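*Asks:* Sequence:
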Amino acid sequence: MALFEFLLHKRLITFVSIVLLALLAYQVALSVWSVYMPAEKLTLNESFFVEPQNTEANKKSTHQLVREILTLHPFGQKQSVVAKTQTKDVIVAPQTQLKYKLRGLYYSQDKHLSSAIIETSAKNSLSYQLDDVIEDGITVHDIQLDHIVINRYGKYETLSLEQAKFDARNRLMNISTNNSDDSAKYNEIFKKYRKRFVNNPMVLARKFRAIPVSKNGRNIGFKLQALRGEVLLKQLDVDKDSIFTAINGVGLDKPFQALDALKSIQTAKKVDVTYLLNGTEQTRSFELQ
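Counting from 1, position 176 in the sequence shown corresponds to residue 176 in my numbering; the numbering is continuous, with no gaps.
Hint data in this document are derived by calculation from the structure and do not stem from the laboratory. Among these hints, one or two may not hold up.
Derived EDC-like pairs: lysine to aspartate or glutamate, alpha-carbon spacing no greater than 16 Å straight-line [claimed, not checked]:
(1) 269 <-> 136
(2) 207 <-> 182
(3) 191 <-> 287
(4) 215 <-> 253
(5) 185 <-> 253
Label-pair distances were calculated between CB atoms; the ranges are [as the list claims (entries may be wrong)]:
(6) 231 <-> 110: 32 to 40 Å
(7) 92 <-> 225: 44 to 52 Å
(8) 278 <-> 235: 19 to 27 Å
(9) 156 <-> 241: 28 to 36 Å
(10) 231 <-> 287: 19 to 27 Å
(11) 216 <-> 94: 35 to 43 Å
(12) 131 <-> 278: 39 to 47 Å
(13) 131 <-> 231: 38 to 46 Å
(14) 153 <-> 241: 48 to 56 Å
(15) 136 <-> 233: 44 to 52 Å
(16) 94 <-> 214: 36 to 44 Å
(17) 97 <-> 231: 43 to 51 Å
These numbers come from a predicted model, not from an experiment. All residues carry an ideal CB built from backbone N, CA and C; glycine is no exception.
Given the sequences, and given the hints that come with them, work out the whole structure.
*Replies:* Here it is, written out as structure tokens:
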């Protein structure tokens, strides 16, 4: 029995000694590895994140790498950045010698929403947008606040907005109207209504009914019939039988022209409204500054 206990005790001592030697050898191996082979270890660890050949990337800080990643717009670009890519450089071009007339325009910072009414002949006025073809070899290149730039066979030319022209009788009527004591009141009423119209374009459709008026088989404009107790026309002292024919010199006889004329009110500083009453053409001007 004593012999068995002695042998068991001797085997235990031997096992413990072997384990201790193994641990000591492992520790020595780790120390030698860290002293003599640091470069290989570094390359191995970094290979999970960057390519070993790209030494410049290894030198960059975490903040620099984050900024570079954000410049790639992984979540998409802001709308303002996209809009900048749509903007064309403003071109200073000579006045065109073409017999075109720019009757009206609607300007928007988003160029693709802008439009211009161009009269190419006495009986041909159409609405054009960016890059539309006016005639063979002639396109709309740019639309600004008071003029457009056309591309005519590869050369740029300017077409400026036509100013409204009225006869002497109408000019006298305008002066009389604008110098009246009620002029400031009318301007303020029109300005407030424009604000409502800009915020909600459907206001016009709910408040008025447009009734087309024809003469000799040709549409010349329209009457406005107030709906749901609308009192704007009364506040502006406009007769219910008035036939509206133009806004800022842009005729309302064609649907697209009428639409562009209404759009132009949104940004105009002054609005001239031309209408017929009892066969006489009259013009009312509203200062909106």
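*Asks:* With reference to the structure, classify each hint as holding or not holding.
*Replies:* Right, here's what the structure says about each hint:
Restraint check for residue 269 and residue 136: the C-alpha separation of about 35 Å exceeds 16 Å, so the hint is violated. Simply put, residue 207 and residue 182 have alpha-carbon atoms about 24 Å apart, too far for the 16 Å limit, and the pair is violated. This hinted pair checks out: residue 191 and residue 287 have alpha carbons roughly 8 Å apart, not beyond 16 Å. Proposed proximity of residue 215 and residue 253 is supported: the alpha carbons are some 11 Å apart, at most 16 Å.
Between the alpha carbons of residue 185 and residue 253 the distance comes to roughly 29 Å, so the proposed pair goes past 16 Å and is violated. Range check, residue 231 to residue 110: about 35 Å between beta-carbon atoms, so the 32 to 40 Å window is met. Separated by about 47 Å at the C-beta atoms, residue 92 and residue 225 satisfy the suggested range of 44 to 52 Å. Hint check: residue 278 to residue 235, Cβ distance near 21 Å, so the stated range 19 to 27 Å holds.
A C-beta distance of roughly 47 Å is found between residue 156 and residue 241, which places it outside the suggested range of 28 to 36 Å. In this structure the supplied range 19 to 27 Å holds for residue 231 paired with residue 287, their Cβ-Cβ distance being about 22 Å. At about 40 Å, the CB distance of residue 216 to residue 94 agrees with the hint of 35 to 43 Å. Between residue 131 and residue 278 the beta carbon distance is about 45 Å. The supplied range of 39 to 47 Å therefore holds.
A beta carbon spacing of about 43 Å between residue 131 and residue 231 agrees with the range 38 to 46 Å that was offered as a hint. Residue 153 and residue 241 have their C-beta atoms about 49 Å apart, which keeps the hinted 48 to 56 Å range intact. With their beta carbons about 45 Å apart, residue 136 and residue 233 fall inside the hinted range of 44 to 52 Å. With their beta carbons about 41 Å apart, residue 94 and residue 214 fall inside the hinted range of 36 to 44 Å.
Checked against the hint of 43 to 51 Å, the pair residue 97 and residue 231 passes, with Cβ atoms roughly 49 Å apart.
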